[in-house]
Amino acid sequence: MNAKDTKKSNFFDETLSKDERIRFDRQLRLPGWNQKALKDSTVLIVGVGGLGTETAKNLAMAGVGTIHLIDLDIIEYSNLNRQILFSDADEGDPKAKVAARALEKINPYSKYIWHHSNLEDVDPEVYATADLYISGLDSVTARNELIRRAVQFKKPMIDGGTATYYGHVYTYLPGKNACLQCDPQQERERESLAACTLVGIPRKKSHCLLKGQLYFESKNNRPPDTTVLEEMNLVINYANNLVKEHFPSENVFSLDEAVKMVDQHDPTIISINAVMASLQSQEALKLMHHLKGIELGTVNPEYVIYNGLVGKFFYIEKPPNKKCMLCGKNATAIEEVKLPATATIDVLLSIIKSRGYDYDPEFLPSFWLIDKKDPVDVEIDSTVKEQGIRNHETLYVTGLTNKGEEIDLNVRIILNQG
Amino acid sequence: MSEEFEEISFDEEKEEEEVVETEIKSKTPDKTKTPAGKKISVYFQSTIGPSPKQEKLVVATDAPISDIKYTVSQIFGLPPDEFHLSHAGRTCDNDDVLEDYGVEDGDTVLLIPVSTAGC
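Those sequence lines, one after another, are chains A and B. With the first letter of the first sequence counted as 1, position 205 gets the number 205 in the numbering used here; the numbers rise by one all the way through. With the first letter of the second sequence counted as 1, position 18 gets the number 436 in the numbering used here; the numbers rise by one all the way through.
Don't read these hints as lab results, they were simulated from the structure. Errors might be hidden in some of the hints.
[As the list claims (entries may be wrong)] With a straight-line cut-off of 30 Å between C-alpha atoms, the simulated DSSO-like cross-links for lysine-lysine are:
#1 322(A) / 456(B)
#2 457(B) / 260(A)
#3 487(B) / 322(A)
#4 244(A) / 286(A)
#5 487(B) / 244(A)
#6 487(B) / 312(A)
#7 474(B) / 312(A)
#8 323(A) / 457(B)
#9 456(B) / 204(A)
#10 487(B) / 205(A)
#11 323(A) / 456(B)
[Unchecked claim] Among the chain B residues that face chain A by a calculated CB cut under 10 Å, a handful are:
#12 463
#13 466
#14 470
#15 491
#16 502
#17 504
#18 506
#19 512
#20 528
#21 533
#22 535
Just so it is clear, CB atoms sit at the ideal spot from N, CA and C, and this is done for glycine as well.
For reference, chain A alone in the conformation it holds in the complex (with noise of 0.2 Å):
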């Protein structure tokens, strides 16, 4: 046999050791499949629970050779009904750190990078050399975060969701579906424990219960214990007579919808994130081979939704949204730069003039890190290395016009090295 032959050999490549041709001789098996377009991916896997977990597990079973765990959470015990890497550890750890040791349990092979933080700590540098982003979140502010950067660098981006025996499962392929932005989502509103609203009468049943945790919070001067009975009792008690007398054509609580109330948490099951984040590692071992240009079916485009009470799958199109602020035509454009970090920032104001766009000298443009978890304004007489900007770090310029329009404009930091 000759290096060419080896070289298309899966059970040959000897860029695999022996053990792992082994390990996964079965999928090696597996028609149009290639192991070493794994091998030689990184994925980023934003949000590790219920999917975060499951999607982690499959893909590093799988062999995936670089996979970076991004998650600000700590773990409860209450995780360990669906979040299988976590069931050795202690309560309080960090998840992405236990998942990343417990991965290399699993398989040794690859490569476990955990970012204890939010995902906007994360250096933007992660973001622009992985071939994809894989999303477990749980808000639809931090969804829109990684959006931006899927789009920004153009790279694909699965998304899950769950809600009780529900999910859905979405993968933004740049500049073939719908991003994220392309149909904004409103952040679900949650009864908030807001004081202002509750002076006086009740105007809502709910609000009977909330007098009911600040009566028992006026008497402890703490939240009550939801696996308390005897402190249940006591707020329930109390939120009762207040349903009797105020909405005296409504149920009273029951113990259990007082508990789910006061100790707000999302109902899930680890059958359903388990479906969900399957979907997400298949879409993504296959988007995987076509990053590197080998073909393995096709990615869905579309919006899948899993309806676990009736087993049934249902498909939405999602076609992109031309007038999208973040992908459409009017999106802001991005220009990159390079400066060495010893440059002050003025220095862009040149730049930026010589690549066409224009700005009044008396009131200077502003410079935003908006890749921070709270967009600081940057001081133009400054360093790179003084703000702290990152390689691949963007900035967003305002007070620009571009043939005599307003026009705001993204500058995307490449550092010199050295």
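Since the structure of chain A is provided, determine the placement of chain B on it from the hints.
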């Protein structure tokens, strides 16, 4: 040979034109298109709940989404905060009205889960 090439490029242009026609409209109200208050028949199809079903309802094009969601929630027996209405790939905001989404007589509107949890 060259004729074949011309034909291919002609087809591609035609396809692009079609894409422009199906361009998604902005969520900004565009009140000039459909006469306000016109009654249309719309199929509401649930993807959630223990028995997904379809119901044909007559609705006014200027009806607020929040009102429609309330009515639909009563008919389907599903709490309004557990689903979004979705038409042609766009999720309807409570503050908009039906005509903002270009819903026409005979169209289908889906009830989709609010699946934003990842836990």
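Structure-based check of all given hints:
1. The suggested pairing of residue 322(A) with residue 456(B) holds, with an alpha-carbon distance near 28 Å, which does not exceed 30 Å.
2. Note on residue 457(B) and residue 260(A): the hinted pairing is violated, with a Cα-Cα distance of about 41 Å set against a maximum of 30 Å.
3. For the given pair, residue 487(B) sits about 27 Å from residue 322(A) by alpha-carbon distance, which is consistent with the 30 Å threshold.
4. With a C-alpha separation of about 58 Å, the suggested pair residue 244(A) and residue 286(A) falls outside the 30 Å cut-off, and the hint is violated.
5. A hinted pair counts as satisfied when its Cα atoms are at most 30 Å apart, and residue 487(B) with residue 244(A) qualifies at roughly 29 Å.
6. Between residue 487(B) and residue 312(A) the alpha-carbon distance is near 23 Å, which keeps this suggested pair within the 30 Å criterion.
7. With a CA separation close to 21 Å, the supplied pair residue 474(B) and residue 312(A) stays within the 30 Å bound.
8. The straight-line distance between the Cα atoms of residue 323(A) and residue 457(B) is roughly 29 Å, inside the 30 Å bound, and the hint therefore holds.
9. The suggested pairing of residue 456(B) with residue 204(A) is violated, with an alpha-carbon distance near 34 Å, which exceeds 30 Å.
10. With a C-alpha separation of about 21 Å, the suggested pair residue 487(B) and residue 205(A) falls inside the 30 Å cut-off, and the hint holds.
11. Pair hint residue 323(A) plus residue 456(B) holds up; C-alpha atoms about 27 Å apart against a cutoff of 30 Å.
12. Contact between residue 463(B) and chain A, as hinted, is supported at the beta carbon level, the nearest pair being about 9 Å apart and thus within 10 Å.
13. Taken as an interface hint, residue 466(B) checks out: its beta carbon lies about 5 Å from the nearest beta carbon of chain A, inside 10 Å.
14. Interface restraint check: residue 470(B) against chain A, minimum CB-CB distance 6 Å, threshold 10 Å, status holds.
15. At its closest, the beta carbon of residue 491(B) sits 15 Å from a beta carbon of chain A; the interface hint therefore is violated under the 10 Å criterion.
16. Look at residue 502(B): its Cβ gets to within about 8 Å of chain A, closer than 10 Å, so that hint holds up.
17. Taking 10 Å as the C-beta contact cut-off toward chain A, the hint placing residue 504(B) at the interface holds, the least distance being around 6 Å.
18. Checking residue 506(B) against chain A by beta carbon gives a least distance of about 8 Å; that is within 10 Å, so the hint holds.
19. Taking 10 Å as the C-beta cut-off, the interface hint given for residue 512(B) holds, the closest approach to chain A being about 8 Å.
20. Taking 10 Å as the C-beta cut-off, the interface hint given for residue 528(B) holds, the closest approach to chain A being about 7 Å.
21. The beta carbon of residue 533(B) comes within 4 Å of a beta carbon in chain A, closer than 10 Å, and the hint placing it at the interface holds.
22. The beta carbon of residue 535(B) is positioned within 10 Å of a beta carbon in chain A (closest approach about 4 Å), and the interface hint is therefore held.
The structure fails hints 2, 4, 9, 15 (numbered hints given earlier, in ascending order).
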